[in-house]
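So you can see what is in the structure, the chains are spelled out below.
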Amino acid sequence: MAFDEQSVIDFVTRQRWYGAKSRAVAHSEVLESVELRTTEPRFTLELVELRYETGAHDIYQLVHGEEEIDGLDDPAAARELVHAMRSGLTLQGSEGSVEFRRVEGFAGLGRELAEARSVGAEQSNTSLVFDDELILKVFRRLEPGINPELEMLRFLTEHGFANIAALGGWYAYSGGPMSATLGILQQYVSDGLDGWELALQEIADDPEQFLTRLRRLGEVTGEMHTILGSDLSDPCFCPETPSVESLGLLTATVDEEIESVFLALPEDDDRLEPILGRGEEVREQLRLLTHSGSIGKAIRTHGDYHLGQTLFSDGDWVILDFEGEPARAVVDRRRKRSPLRDVAGMLRSFAYAAIAAELERSTPAPEGWEEQAREQFLEGYLDTVDTSLLPSGGIAIDRLLAVFELEKAVYELRYELDNRPEWVRIPVAGIQRLIEQAATI
Amino acid sequence: MSEQWFERDPLWFKHAVFYEIHIRGFFDGNDDGSGDFRGLIDKLDYLQWLGVDCIWLLPMYRSPLRDGGYDIADFFEIHPDYGTVDDFREFVDQAHQRGMRVIADLVMNHTSADHPWFQESRSDPTGPRGDWYVWSDSDEPYSEARIIFLDTEASNWTFDPLRGQYYWHRFFSHQPDLNYDNPEVQEAMLNVLRFWLDLGIDGFRLDAVPYLYEREGTNGENLPETHEYLKRVRAEIDSRYPDRVLLAEANQWPEDVVEYFGDGDECHMAFHFPVMPRMFMSLRREDATPMYEILERTPPIPDSAQWGLFLRNHDELTLEMVTDEERDYMYEEYAKDPRMKLNLGIRRRLAPLLDGGRDEIELMHAILFSLPGSPVLYYGDEIGMGDNVYLGDRDGVRTPMQWTGDRNAGFSRADWAQLYLQPLMDPVYGYQAVNVEAQLRTPTSLLRWMHRFIALRKEHPVFGLGTYEPLRAENTKIFAHIRRWEEDIVLCVHNLARSAQAVELDLSEYAGMVPEEMLGRTRFPAIGELPYLLTLAPRGFFWFQLKATES
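Chains as they are written, first to last, in the numbering used here: chain A, 11 to 451; chain B, 36 to 586.
Honestly, the hints are just simulated from the structure, not real lab data. Remember, it's a predicted structure, so these values are computed and weren't measured experimentally. Beta carbons are placed, not taken as given, at the ideal position from N, Cα and C, and that holds for glycine. Some clues are possibly wrong.
Computed from the model, here is a short list of chain A residues facing chain B with C-beta under 7 Å [to be verified]:
#1 H67
#2 P249
#3 E250
#4 T251
#5 E255
#6 G258
#7 L259
#8 A262
#9 V341
Throw the hints in and build the complete structure from the sequences for me.
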């Protein structure tokens, strides 16, 4: 059935995944309509364009039910999408077609789906879990081009990287209005323990144990980067040599960020004391770190790498969420970058875990734990990573890593000051550490 | 579908920063001594970092290069030195992926004499292209049209011995004008536009656009027929190619240039030529009057249109749109060496024109960025590159981009002798002193300042979209004005003098508001009923955002 324009606008703009909250919607238009199920209960997949008063527009995916503007809450609708993948359907619309695809050999697709529940609605998608075995992620606000998560999962699957939740299938639209990934089906790791949770738990119960796990996480990360930089025949993944000024551009960007963050630091906050008035010192350290040296190769990376993006399951790590930073545009998330950016992200999350253990579990990490965590992770990483992807020599690696960590810590400082004042001490300690350590590398 | 990289924004060009690139001089991607599209792709990260929204390419078409590529011999081919159409497509795609758009020069008025159309026209007067150019048995017609390239051309007519007739050319004699009275020519040029638009290009800078038609008894500039044809081009773009832009190069007085906007149904943008020499004049004379006057003389333009503003470009600093007296003054002040003059202009880059003065360079950019319009930067000026007045024609301002202090300025790995032009090596502006690499690493460099300043302008759409309200003070050394858009009110005050100045501004309209300096976010005393007193450093400037007290 058709729904009137205003009720569609009202519905979409109410959703958590609606991305343009501050904008006035001028009108909406159905760009494409594909019959997903023609017998009762009927479902129709629609691409709906919302046009804003500024002239800009967004395209959203809706799955109409018989009565509902969006029926994805109904397990029957979600099941229909999975069935279509299983059968490898191609459904024609008026402007293009929706292709449903399955990954050969993926066991989870072979059986009937009984139970479905929706899990935490995220900013840009709706996710449903079937029988604690499969997870279907339906993208709402559509972005043109292949979704980076799908692209990464396919690449890693095809190249034999085992530490991911296996990809089961996907569906995508291609046609006049746009070409875009619409949804992804993956194995649901039900017995996995979130890496961040595990860290907090084991920092309290068995910190030594966690250090050995981190060594393994380093190895897994190194393997992941090696594989991501291994295929010279695929232009989307082939490692690249960054242009000569890339280190200069990075330095300038980080330097300006430091300058502007320090310019705005409140002077009456005790937690900032270790770094207060030391902005110029930080910038000087950055200059020393980038005075010479190279940036290594640029490859596709995880893009938003920290403990919260990992699961520990069945004695090994599973790496999750290859979407990249959600705030960035898809093209930007697909850009190749130094793998050390991922490493820096993970090292920063150890700093967070050490303090969070104290703040949230009232069990401070043992003296020197963060330092050991870094060492374990880096040892594991450097054992397995293809070092030709990194700057040449240990000193150059340390320096570039320090630059990326500084970049992250400065970003964290800004974020925590605005959002979580009690966490401010984490980036403060990180920056302080980098000021003091940088002089030695 | 390259437009997919962008949100639809039909007015993107109103708040964009443009960057003009001479492809040959930017970066050599295949080590042959000449810049090319592969090289340009390599440098897109730099341009993205700098904050460029739209790249404007000088002509890239096949050409004998007797006029820097403005003599096009094939509208559908890329000059082999620059690459192929596929390279171009890849470049546009890569630029789009980084959020940058691309426009290119297009010469509609004329072709190269080498163009097959012209060769056919001269050898077969009754053939299909016999009427595609403007032919005459005598050199008498259209005698009221001025000669533009005074230094090289004696007449707008040149005799062709093969056809036994004269052909019309407003520029060099090797650039015959197309005959737009012929409907086939009109259609042929539309096909050229469609070809590149289909490849994803975001628009054109229309070179030498006032001269498309000739009519007896007129000066052959800005004729109604020309406007009519441009409206046809615009209608074609509006119907099939959303979010593209036509930027007119019409070196004319503002009241004539505004005609190129039509009623919002002709060109989206046009360069404001006359404001530029007056900025330099105001600076030398320490007097804001010439600037206030030319802006006063600038008629309002449609809401959907925008001025293109620049300090310098690939041509000479043109002095066509000034009085004779003003021209003499400009020559006197800015072209002491006669070699620096070309036609009616001065062939120098920004930094040498300002004697390398950092304060002056910053001040001129501040004024440029504060004016209603979209700024167009010229490659190399962001690092303060110099020029070489000993090179012929306009080559002196088209030397290789200075990337590093290494061999060939990091521009090319070819042999030194093989370079299309050698990079500057003089001790002040040479590549060892002035280059991107060093300036990126130096927080106080001009490049780093430009980067921050571009970011500041882009943070405030008021500069692209807002009103312009002059704020003339008794102290004529001060150029001050208000920009206003929705809730955003910005006060810009520039000191043109070499000495410190005080100025009293009548801001009573804004009494109770607090000026916040925009670069450092420092709050100044609140505005009262009395004149607001400001003191400015030599060649200094302030940009303030006027804020309501409670915020």
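Going down the list of hints, with the structure as the test:
no.	hint	result
1	H67	5 Å, holds
2	P249	16 Å, violated
3	E250	10 Å, violated
4	T251	10 Å, violated
5	E255	6 Å, holds
6	G258	3 Å, holds
7	L259	5 Å, holds
8	A262	5 Å, holds
9	V341	4 Å, holds
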